[in-house]
Amino acid sequence: MSPTLTDASPVFTDPADSLAIMERTRSTAETFGIPLAVLAELTHRCPLQCPYCSNPVELDRGSTELTTDEWKKVLSELAEIGVLQIHFSGGEPTARKDIVELVQHATDVGLYSNLITSAVLLTRDKLSALADAGLCHVQISFQGNEPVVADRVGGYRNGHAKKLEVAKWTRELDLPLTVNAVMHRQNLHQLADIIQMAVDLDADRLEVANVQYYGWALKNRAALMPTIDQIDETSRIVEDAQLRLKGILDIDYVVPDYYALRPKKCMGGWGRQFFNISPSGKILPCHAAETITGMEFESVRSNHSIAWIWQNSEAFNRYRGTGWMPEPCQSCAFKEVDFGGCRCQAFALTGDAGNTDPACTLSPVHAEIFKLAETESTEGRDRFIYRNFKGGTLEPDADDVHGR
Amino acid sequence: MSELRSNRRISVSEDSKPVLPRHARLKFDETRQRWVILAPERVLAPDDIAVEILQLCDGERSVADIIDLLVAKYAAPRDDIGTDVMAMLQDLADKGFLTQAREKTS
Ligand code: SF4
Ligand code: SF4
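Residue numbers (my numbering), protein chains in the order written: chain A, 1 to 404; chain B, 1 to 106.
All clues stand as given, with none of them false.
So these bits of chain B aren't anywhere near chain A, every CB distance computed over 12 Å:
id: 1; residue: 65
id: 2; residue: 69
id: 3; residue: 74
Stretch-level coverage of chain B by chain A, calculated; a stretch enters the list once three of its residues show a Cβ under 8 Å from a Cβ in chain A:
id: 4; region: 16-26
id: 5; region: 32-41
If you're looking for bench data, these hints aren't it; they were derived computationally from the structure. Just so we're clear, the structure is a prediction, and the values are computed from it rather than from any experiment. Where a beta carbon is used, it is the ideal one built from N, C-alpha and C, also for glycine.
Work out the full structure: start from the sequences and follow the hints.
Structure representation (structure tokens):
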């Protein structure tokens, strides 16, 4: 799945405006009101093998997935407690045979549905059935702007061509399209062309997301970490395109936080405005939360309601608000701004999810990690470890690989 | 729906016949007891006037018709209402959440 959807907080505030965009900061901080949008990861199965996949390294097997009836019950319950939007994701959500049925059910209970897909399994008939079932929006991930790089990154032959085809069908069916591009050292040189590709595909939005380093991406950090020069160039290209394409293409840009001064406000703050349901039914504060090993998450299969789990479960409450924070966060003026950054990244890099996110320059380990990342970015270790159910497969040696 | 073609980023005039595109849904949120517009990655919270205008946007009424209806209802000067309606609709169009109906040409 695309790691950006949920990082870009689904709502922003735009005050003094008859069309104010709903923000829940104040009320959620105190009452943990039910999120407006929820991510449903229907399966971890996926034909692609992206080395930055944000799914946990320990993937849920097909046999543990919620059944069609269980998902329908979940969708009904979400609509009932006030969730408005459902993002169907994965893995690859269309690997589920019941995807049309689930979209139809979401429509029936009044949820606005979005399909986050790698697109390679879709046929035109399937897409058209999804549109008829009430699907409201399609987001397709791209690994590059041409097949050589893209198919190598995704580890899937002819994937890029297929994606282009599905993107075209999407627009033909009059569905709005978001192109999602996850960027890293080995495809950043294609950014300008990816932006043009999104325009040519008649996409409404483009998400330019830099890889977030936990789970699979952390295993692949040496192969993915951009150089500082690349990042400077990226920001320039994005800013220029945002100006040039105003009114034609909306571009959301997720800055790579290894090279930032302060961490991102991950998920809008842990347990504040978002949750995710894993293929086996666990309710998670973020799509990567299962990378924090040793944390227990409650399941929709338990006898608790979803609302109870959101409000009361230990996992959600552990890092809610600011009370749990260690120094330097505890006495920091920014603690309500970024909520101490990303818990998954803190765990991945320090072994303790309760530490300050090392992306912050005030973290005691920031300098060391930044240096390591910078070094890794220049060493030219380009081979990927592909994501799969076997715990990863190292890409064959450079001599056998085309497309560098 | 099929006889309509979406034409994004419209510029609103009195002749346009605006309608929300399929990806922007106006809905009453029972839980929070307010109207919302659901859009990709966004939930907009229109105020009462905006809701009233949007409910009149059915792809058949022109902006001029909508203004006339509101002028009659609120007995307010046409210029004032016209300015407000156009500004709100253009704002929505700029955000990418308003389209206009037109006959399919192909
Ligand atoms: S392998 Fe790639 S396409 Fe598949 S779920 Fe992971 S990131 Fe998405
Ligand atoms: S010290 Fe903590 S609260 Fe302050 S900027 Fe860094 S991460 Fe944010």
